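> Sequence:
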Amino acid sequence: MRKLITVGIVLGVLAAAGWWLVEGSVPISGERSHDFGPVEVPGVVQLKHTYVLTNRSRSSISIAAIRPGCGCTTVDFPKDAIAPGASFEIPIVLNLTAAGEKKTKLTMLLDGIEEPVRLFVRAVGLKPWSAEAVDPFFVPDPGMPSFFAVHVARQGGEGEVPPVPEIRGPEVLGLEFDRWETLYLADADENAPSRWHAVFRANWDGESDPSGEIEVDVAPGITVALRVQLPREQTSLELPTEDGFSVPDFRLPPGNSDQGPLPNPSSKESD
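Per the working numbering, the sequence shown starts with residue 24, numbered consecutively.
Quick caveat, the hints were computed from the structure, so don't treat them as lab data. Everything numeric in this text was worked out from a predicted model, so none of it was measured. It is possible that part of the hints are untrue.
[Unchecked claim] For lysine-lysine, the following DSS-like pairs were computed, each having C-alpha atoms within a straight-line distance of at most 27 angstroms: (1) K150 x K126; (2) K150 x K71; (3) K102 x K128; (4) K71 x K126; (5) K102 x K71; (6) K102 x K150; (7) K150 x K128.
Kindly produce the complete structure, drawing on both the sequences and the hints.
Set out below in structure tokens:
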């Protein structure tokens with residue numbers, strides 16, 4: 024009975040001292056992981072975060088060192104002793120240079136405490152969107168739906184479908200987004216882009232003039248342009264005359280029996 028009372032008293036003292044918030048034997052509490060999430064990486068991007076931790080022990084602690092898990096991370100920490108119950112900041116900078124998932128950790132060593140404190144950081148690098156028309160010219164079908172596609176690609180991320188692009192063009196075409204076609208989904212850490220086709224539909228009556236340019240806004244600063252061409256069943260050369268236009272006949276005239284046979288240029292003239 025006395026042992027149970029003693030254990031209860033010890034637990035009560037520890038709870039009052041805030042030890043319920045301590046992980047293991049390390050007397051520090053606070054958020055130890057941070058996720059930057061998806062980040063655009065057109066070049067080198069510096070991501071900054073500050074961990075705020077608290078000394079939950081009943082004595083001062085001192086940080087001996089913090090060792091980054093890779094050369095892509097720099098860190099700073101207080102050099103003075105941290106009083107009991109005091110909070111302190113650990114600012115870090117993660118240099119993100121490539122597409123894909125990036126995970127790393129920082130190991131904090133405390134004077135007089137064997138168990139280290141580990142901080143974790145994560146980010147997902149995204150390369151800018153790229154896009155191009157599958158065909159730079161679009162020939163609509165008169166009186167029926169016709170389709171054209173834009174090739175869209177991006178490296179990094181979780182292979183999520185891109186947002187629906189905005190489209191502009193001649194109103195008589197009745198342009199609208201139709202569907203996404205997935206060509207390839209890359210893993211977040213794969214050195215390859217995910218690729219899709221954005222398929223658009225046109226509804227042209229075949230009578231109004233559809234000529235002009237179609238523009239597709241895939242992402243901010245990424246616009247794809249297509250030229251609209253009229254369908255032509257045949258091509259002819261027309262020359263102006265007094266009565267309008269006529270198509271010249273380039274065929275040789277038929278032979279005339281009254282004029283005799285045409286001379287043979289290969290035969291030699293006789294003396």
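> Does each hint hold? Answer for all of them.
Hint-by-hint comparison with the structure:
1. Taken as a hint, the K150 and K126 pair is honoured in the structure, with Cα atoms around 17 angstroms apart against an allowance of 27 angstroms.
2. A hinted pair counts as satisfied when its Cα atoms are at most 27 angstroms apart, and K150 with K71 qualifies at roughly 19 angstroms.
3. As the CA atoms of K102 and K128 are separated by approximately 20 angstroms, the hinted pair is consistent with the 27 angstroms bound.
4. In summary, the hint linking K71 to K126 is supported, as the alpha carbons are separated by about 15 angstroms, within the 27 angstroms threshold.
5. Distance hint between K102 and K71 is fulfilled; the C-alpha atoms sit about 20 angstroms from each other, no more than 27 angstroms.
6. For the hint pairing K102 with K150, the CA-to-CA distance comes to about 38 angstroms; that exceeds 27 angstroms, so the pair is violated.
7. Among the hinted pairs, K150 with K128 is consistent with the structure: their alpha-carbon atoms are about 24 angstroms apart, no more than 27 angstroms.
Of the hints listed earlier, the one the structure fails to meet is number 6.
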